[in-house]
Each structure stands twice: as structure tokens, then as C-alpha cells.
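Between the sequences and the hints, there should be enough to build the whole structure, so can you do that?
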Amino acid sequence: MAIDRDRIAAAVREILSAIGEDVSRDGLRETPVRVADAMAELYAGVGADATEGLRDSASTADVMSNDPVIVRDLTFRSMCEHHLLPFHGVAHIAYEPTDTVVGLGRLARVLDTISSRPQVQERIGIEVCDALLAGVGASGVLVVLDARHECVSA
1 MAIDRDRIAA
11 AVREILSAIG
21 EDVSRDGLRE
31 TPVRVADAMA
41 ELYAGVGADA
51 TEGLRDSAST
61 ADVMSNDPVI
71 VRDLTFRSMC
81 EHHLLPFHGV
91 AHIAYEPTDT
101 VVGLGRLARV
111 LDTISSRPQV
121 QERIGIEVCD
131 ALLAGVGASG
141 VLVVLDARHE
151 CVSA
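So the sequence shown is residues 1 to 154, counted in this note's numbering.
Hints listed in this document are in silico derivations from the structure and should not be mistaken for laboratory results.
Here the structure is a predicted model, which means the values were calculated and not measured.
For every residue, glycine included, the Cβ atom is placed at its ideal position computed from N, Cα and C.
It is possible that part of the hints are untrue.
[Unchecked claim] Simulated restraints on C-beta separations: (1) Val144 to Asp56: 26 to 32 Å; (2) Glu122 to Ser24: 18 to 24 Å; (3) Ser139 to Ala10: 46 to 52 Å; (4) Thr75 to Gly20: 35 to 41 Å; (5) Val23 to Val46: 22 to 28 Å; (6) Asp67 to Ala11: 46 to 52 Å; (7) Glu96 to Ala40: 33 to 39 Å.
And the structure:
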């Protein structure tokens, strides 16, 4: 699904007007378009398949034993679905491969796709687990997220 930037820009103009701002003043004139561009990036994961790119993984027989794969300190950012305010943090992901293993960059891509949607922290962890279970057939997955929520700390 394509993000409708024109509708977003119109909605931002309406919100700014509703809070009493003059949307034609210099500092705000281009803001609706900038917000629409930012939202296109922030919500790029809406409708995207997080397991895409995991399916062409290397075989563990060619690469390594079935030892756990662990990656730490992957940064992520998302937007709280309750307040549309940002939250951000780090993720630590571990999985036990069965017959395939993926490069560490693919794990970061899965996390980015899933966090680029209106989200809650708990669901990000669940969806990353589900993607790895389905996408690489992992026999076990652990995801730990440590995040700062602007809706809580504002």
C-alpha cells in the first residue's frame, strides 16, 4: 500500500490550523510536506513482509554449526500507536538455527521493517520472533527490547 503524502499534508495543515497556527507563515509553509515525507519513511513497514530477504539464506551446513546466532545493540525507532509519538531503543536478538542461518544485516532489516509501523514495543518483539520462526525456521528465538518512549517521558 502506497502512503498518500497529499492526504497526510492536508491533514497536517488541518491540525496546525486546529491548534491556532497560521499555516501560511514562513516557518510552517513547508511543514505539511516535510511531515508527509517523514511519515512515508516512519511508516514504510506498513504492509511490508518482514520475512522477505530471509528466504534466500545460506545453509548452516555451508556456514556453521547449529550454535545460537546472537546480535546485540541493534538500534530501532518506531511510533507509538496510541499517541503517535516516537519511541526508540536497542534490540538484542538471538535465534537457534535449524537448517538456515541469515546474515546479521538481515536481522536489522527485519527489525526495521517491523518497527516502521504504528507499534507498541511488545508487539515488535513478538513480530520479530514470528518472522524468524517463519522466515528461517528457527527452533527458538529471543528478542529483548530496551526503549525510551516519548509518550511516557514527555
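Hint check, failures only: 2
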